[in-house]
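Protein chains: 2
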Amino acid sequence: MIYLDNAATTMKKPPQVAQAVVRAMNSMGNASRGAHREALTASRVVYDTRVKLAQLFNCRRPDHVVFTCNSTEALNIAIAGALDPGDHVVTTVLEHNSVLRPLYRHEAERGGALGFVRCDALGRPIYEDFEALITPRTRAIVCTHASNLTGNIVDLRRVSRIAKAHGLLLIVDASQTAGAVPIDMEELGVDVLCFTGHKGLMGPQGTGGLCIREGVELRPWKVGGSGVQSYSRTQPAEYPTRLEAGTLNSHGIAGLSAALDYIRETGLDRIAAGESSLMRRLYEGVRDIPGVTVYGDFTAAERTAIVALNLDGYDSAAVADELSERYDIAVRPGAHCAPLLHKALGTDLLGGAVRFSISCFNTEEEIDAAVRAVRELAEE
Amino acid sequence: MIYLDNAATTMKKPPQVAQAVVRAMNSMGNASRGAHREALTASRVVYDTRVKLAQLFNCRRPDHVVFTCNSTEALNIAIAGALDPGDHVVTTVLEHNSVLRPLYRHEAERGGALGFVRCDALGRPIYEDFEALITPRTRAIVCTHASNLTGNIVDLRRVSRIAKAHGLLLIVDASQTAGAVPIDMEELGVDVLCFTGHKGLMGPQGTGGLCIREGVELRPWKVGGSGVQSYSRTQPAEYPTRLEAGTLNSHGIAGLSAALDYIRETGLDRIAAGESSLMRRLYEGVRDIPGVTVYGDFTAAERTAIVALNLDGYDSAAVADELSERYDIAVRPGAHCAPLLHKALGTDLLGGAVRFSISCFNTEEEIDAAVRAVRELAEE
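Chains as they are written, first to last, in our numbering: chain A, 2 to 381; chain B, 2 to 381.
Just so you know, these hints were derived from the structure itself, not from any lab. Honestly, I wouldn't trust all of these hints.
Listed below are the simulated BS3-like cross-link pairs for lysine-lysine, each with C-alpha atoms no more than 30 Å apart in a straight line [what the hints assert, rightly or not]:
no.	chain 1	residue 1	chain 2	residue 2
1	B	Lys13	A	Lys53
2	B	Lys53	A	Lys13
3	B	Lys13	A	Lys13
4	B	Lys53	B	Lys13
5	A	Lys53	A	Lys165
6	B	Lys165	B	Lys13
7	A	Lys53	A	Lys13
Covered, in the sense of this in silico footprint (three residues per stretch, anywhere, with C-beta under 8 Å from a C-beta of chain B), are these stretches of chain A [what the hints assert, rightly or not]:
no.	segment
8	64-74
9	180-191
10	227-235
11	332-345
Short, incomplete list of chain A residues facing chain B, as computed with Cβ under 10 Å [as the list claims (entries may be wrong)]:
no.	residue
12	Met2
13	Val18
14	Asn31
15	Ala81
16	Pro221
17	His252
18	Tyr315
Virtual Cβ for every residue (Gly too), placed ideally from N, Cα, C.
Start from the sequences, fold in the hints, and give me the full structure.
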């Protein structure tokens, strides 16, 4: 089996990830609940993982690293927790439904307003739109770091300069970039970074979170048991407890911690370079096949390891089925929860697109097999 | 090490649970995302687990079993999703902060009102209060199935009769009872059952959910990617997707599924009887030790496997520390996120209580060691 659906979830993880989960399941109590050895072990692993994530993303405060069960929850927390009723938000047509639906809800239920940065024919944001869309009511820019459809990376430095000039919060969806490309929150000027653990970070499903810049106040999302300040009627005001209620997924977090060690030891630059090389090999292999249309900007120096394409006259789901059944290649067809970008590219009318997404555990042989399969399907 | 903090999280799990998690991590894609084998494997495991939970709790619709990352999230969803602004709710002083804080928020932010059922000296709810507290604005009763401090079980049949007579929703916190005592939603008349996976169900941390009776409408909580209906601006209306956004913790759910198999094969009655026997052995062993005060009702036929106590003149945290350091016994001191019950029992003034909580993997020898340790500490 050739797994090329890593933008949905990385399936091959470093072996130490599962080992760490098993160790955690056999040795951990409930983090922040009690002072016996097992509970303290859990607390320590959870805190160490905050530190590792803070280092990876250059978030100055490890206690401002908040765990969630996925990136979607992180984005819901950031959007609902930062915006007041009536706030206007600038966002882009590149966004995933994990950004769009919380924003639509803000619009529908809290009198919010939204402005959408358009994209060009290659799916790149039209950066001038960011500035042009800002109104006196604008509170935040909510923006993906990279499109989950095309792999195009958004120039966050440019976006954050605009955000800063207007006193806006910059909330970033790093679902596609965390663990895939270097992210420096300080350098990029990101206020809230939302990430998932099970994609580029190669941790278990059920992990993710937010890194919050010091001074950014997000209202609590779920509230409940905190293990501290139990006589208070409200969630504790301090991060991370402010945004974490109930038992954490310490077992998953232990796995994520091991994955972060792997990334640090291997080197994120090396991982990114390897994935990039495979992505370009795939792109070079398929771009000139007659009947194949590839989406996205491959002239950019930096992009994530995605190649999205369509075959003339073929529905994307049919291509994916052929790839799966005849070639044992796993890819993702359809809408990728990115409705506005598909509409902008016109691929909504073609049943979406076929997305190949690569991890550092893929090989050149697998990429070549994928190219051959696309060529054969295109020739039929 | 003698682990007697199973009401916080069960640490010893059936070995097949961790094995299932590892298998899942090595073979699963993203559930409901794509149609290749790995994604379908994840979808199947997730759906099978819904079916198993529906069977365990007698929830008639497996598609009304919704996964969350913990019981707290389930309770937040149920409470925020069921109540309209201004609704009055009847609840009890037995509740955990995972119920109390969402209700306090409803009161503070949405004009809600709350009535609290009191308890007697043994921590049993005063059932007459349920009826007496109902007002024309009452919409729901939110009630724990068992106190996480005393182990007392609430007579849900009696509560649900009152709820039904007044047309109220019955939302139940089964954090302490799921997997510990049999639960039949239909027979008990429960509308929404909130459970966690990592306690009595012996699954991994990061799992939990709600079982929703057909016809009960809960508004979406987090919204985002659903893998289906991607062009809709709102979360799909159908359960379970209505309440699930983003990537599920399929790895954890696979472990929970294995735990559910273990429970079914072993027999929940047998598990409950074994835990009950150990709980009574512990109670019998400590009840007459001079200086020991035990909380809760041990005359009831059914209770969870908890023994909470204090030693005269000893802070509960100090007792727990002694038990941990000198005897290697893990228990939970303090407030247990149950502030109102501690206040009702007067234990808030004693620094809480020392809670021993038992799982089916504990042994008589461990219980006897705990009794000896309590005796020695009481004699000092």
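So which of the earlier hints does this model not fit? 6, 9, 18
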